[in-house]
Structure formats: structure tokens, C-alpha cells
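J.: Turn these sequences into a full structure, and let the hints guide you.
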Amino acid sequence: MSAFFEISGLQAGYGAIRVLWGVDLRLNQRGIACLVGANGAGKTTLLRSISGLLTPTCGSIRFEGEEITGLRPDQVLARGIAQVPEGRRLFASMNVEDNLLMGAYGQRSAARQGLERAYALFPLLKERRRQDASTLSGGEQQMCAIARGLMSHPKLLLIDELSLGLAPRIVEQLISTLVEVAQAGTGILVVEQDVAAALDLASEGFVLDRGRITLSGSSPSLAANPCVREAYLGVA
Amino acid sequence: MSALLEVHVLTVRFGGLCALSNLSLSAEPGEILGLIGPNGAGKTTFINAVTGAVKATGSVRFGGRSISGFRPFKIARLGLARTYQVVQPFPEMSALDNVAAGALFSGAAPSLSEARKQAEAVLERVGLGREANRFAEELTLAQRKRLEVAKGLASKPRMLLLDEVNAGLNAAEIEEALGLIRSIAVEGVAVLLVEHVMRVVSGLCHRVIVLHHGRMIADGEPAHVLADQAVIEAYLGRRYAERMAVAVGA
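Protein chains in written order, with this note's numbering: chain A, 1 to 236; chain B, 1 to 250.
To be clear, the hints were calculated from the coordinates, so they are not data collected in a lab. Glycine is no exception: its CB is placed at the ideal position from the N, C-alpha and C atoms. Nothing false has been slipped in among the hints.
Have a look at the derived ranges for each label pair, beta carbon to beta carbon:
| hint | chain 1 | residue 1 | chain 2 | residue 2 | range |
| --- | --- | --- | --- | --- | --- |
| 1 | B | Glu92 | A | Ser93 | 22 to 28 Å |
| 2 | A | Ser93 | B | Glu175 | 35 to 41 Å |
| 3 | A | Arg108 | B | Phe73 | 45 to 51 Å |
| 4 | B | Val86 | A | Arg18 | 27 to 33 Å |
| 5 | A | Asp24 | B | Glu175 | 27 to 33 Å |
| 6 | A | Ser109 | B | Leu112 | 56 to 62 Å |
T.: Printed below as a string of C-alpha cells:
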């Protein structure tokens, strides 16, 4: 049986600098998975390769049995994979609602339903819908970025650095919302530096080290792994 | 010891919004002070107000003299350096020249060649020695944050205001960052950290101040402040507080 999402032997980089050295990663079904690793390990490069922002030099990415390697970002999005970029990257001078609508660009029919869903998941965004994105707090911006990512009704949502710069209580709220999103049928692959929180949220995890997946498994097995505990959880 | 920074009833208004309300605090040389609170609580506004980037009422004294109303570059030259939460290095300049610019324009170095020499040493100190000749735009976000610290250090400050420079670091990288910040404070530089990474706050700060809606809701030692009910309600959340309690064996 083909996997929901599968990467094999993926290599990618920037010019002469190779960052990914043959990544293998398989998600058998939708659900929440996390990708952890040191800064510079290649996590963002991997997400950019999946979403078509970067063209891999070698290897394959298959989504629901279809080869998507090397497709343009809009083509990847049309197949059902959306990305929430690191640092939110909202359109600062546009208001919240217009930012959300950008997430459904070219899918006018999905926009209304997407807005309803976004406001149901994040009621605060409805209150702030006419406010410029630049005036939102960090937590509100991340809500807006996640909601924008969901506007196209993706089957798989990639989130780069969920908790970056956010208060612990806001992270807790976002995690609850993502669980809700996953339960409604969207697969989520989240990159997160707070490994304890990531393993709490996800059912399975992958450790990326210098461009290769060096460990993978269920979250409880990773949380109990001595290497993960020492290098990523800060406990021996 | 007398205070290096003395802030008295600092207030910032943006139209009808009171972003910072009557905040008073002081910092001594070598002290590491944490400033935490929910997103939007006024932490960055505090840094902006103290460094002259936004207008404020109240008074700010640094090194025994009033700096209220001073322009940002003048405050920086007095030895009060800051980093920016949204990092904005000169993207097409090398990491080395970004830091050299900090040394040169703060007056810490008399010439470009001297500034580059100092920048090299500072980059080495913050762990970016190997990245010196790379364009700033090629660095990862964590490295660019480290570059911000380097730029601040290059101005040879007496106080350094760090705005979320440890966001996005993993456990091992946080340990390195703790060592770096400790070494800065040991030299007598006062450090104010705006931070959401509680491992940094609890492991490093001598004192923690919590802001909520622009007002101070707690001030004290980290262990005391992080167990405060009002702080848990406003900022930490129950789940986090439970994890912390388990971690310290409470």
C-alpha cells in the first residue's frame, strides 16, 4: 500500500552547498508528525523542498501515490500541501482577512468556507479581521499564519517553527487547535525546537541531523531514547 | 552598588492604547534581568522606549545621567546597546562587516580596519567565527539572532538589551547561549533579556519582571515568579506550569 506521504533519497541545497544528503521520511497516514533537529540540520530546507520553493537535486517526494518532486509551489499547493513559513511571513500592510484570503488565492470557491473555518478555529482573528497584520501580537500573527495555511483546505499542512517567539500559554492554545485540525482530517508535519512540546503534540517524530534522518519512531519511543533525551530534551 | 539603569514610571501610549504603564525598574552592572509576559504585553515597547526608538513619558537614567528624550544613536554611544526581535542585518554584507558596522558607528572602533579586527573577535566569541565571510542573508534565523548579539557586543556596551535572541534554539544550543550571556554579565555588563524560552529565564536571570497589558504583575527571583498564580494565568498556562513542577520534582 502506498504511503500518504513519502520522501526517499532527497538531496537539496543552495548553489554549491548541499544541505540534504538523502532524506528518507514516510508518513503512512494523516495525523501529526514532528521534525526536530539542530539549527542548520536542514529542517527548513526540507520543508522548502516539499513545498516546491526549492528544487531538489536528487530523490523523490510522493504524495498520495503521486510524484510531486520538482513541482512549482502553486502546483504543490493544488495537490493539497500548504506551508506555514518560519517567522509567519504575513503581508504586513494587509489586514487579517486579506492575509487569510491570500491563502485561498486562485480558489475563490474555497475562500468563504475557508474564512468560516479560520474564524471558528481562531475567534480572535474574526475580532481582528480589519486590523493590519503588522499590528498583531506574535501569537495572533502565528494564528493568522496557520489559518492562512488552512485556507486552501490542505490535506497536509507543513508548519515551520510553531512556537518561535510565542508565550508558553499561546503555544498551549495553538497545540489544542492543531489537534482539532488533525482530528478533522488534515495531516500535519511540524518543525519545532521545543522537542518536549513537539513529542507531546505529535504521534510520531523524525530527527534530522546534518541533512539525514538519523532517528524516527513513535513519540513515546523517541522521548525515551537516550540520544534524543541528551541532545534535544536537555536531560541525561 | 548603584544602579546603571534607572527607569521611573515609564509610560508609552499609541493613540488610545497604553502599551506601557508606569513601569519602574533598575538594573545594576553585571545583573541579568528577565522581562517576560504574553505577546503584546509591552516588552519590546519597553526596549524601544528606553533606547529612544519610541516616545515615552517618565524618566530614564543611564550611568547616573538622564537620557530621556535622547535620540537612539546617542543612547547607543553611551553604552546602552540593543538587539531587534525582527532581525534586519545588511543582507548583502558579510557577517563580519555587519558586526564591524556595529563597532564603527557606535564609536567603539576608530577605523574600518580596527572595526573588522574587533568584529572577528566578537564573531568568534558568539560562535559565528566560521560564518564571518558569509553574507548575512545566507545565515539561518538562529545565526542571524546570534549576529544581532555580536553587533550589540561590538559596540562595547555597559548594558545589553536582548530581544528574544534565543528563540528557535534547541536544548544544546540554549546551553551554549546561557554560557555566552553569563560570560557577558561576568564582565560587568548589565543584561536585560526579553525571552519566552523559560529554560533561559530560570537558568540565567537574577531577577524576573513580568508584564501583562503594559503593567508589571510580578517582580522577583525566577523560581518565585514562575510559580506565581497570576503569572501562570496570564502567561505560562497550566500545562506548562505542570511540566515545570514535574521537572523540578515539586
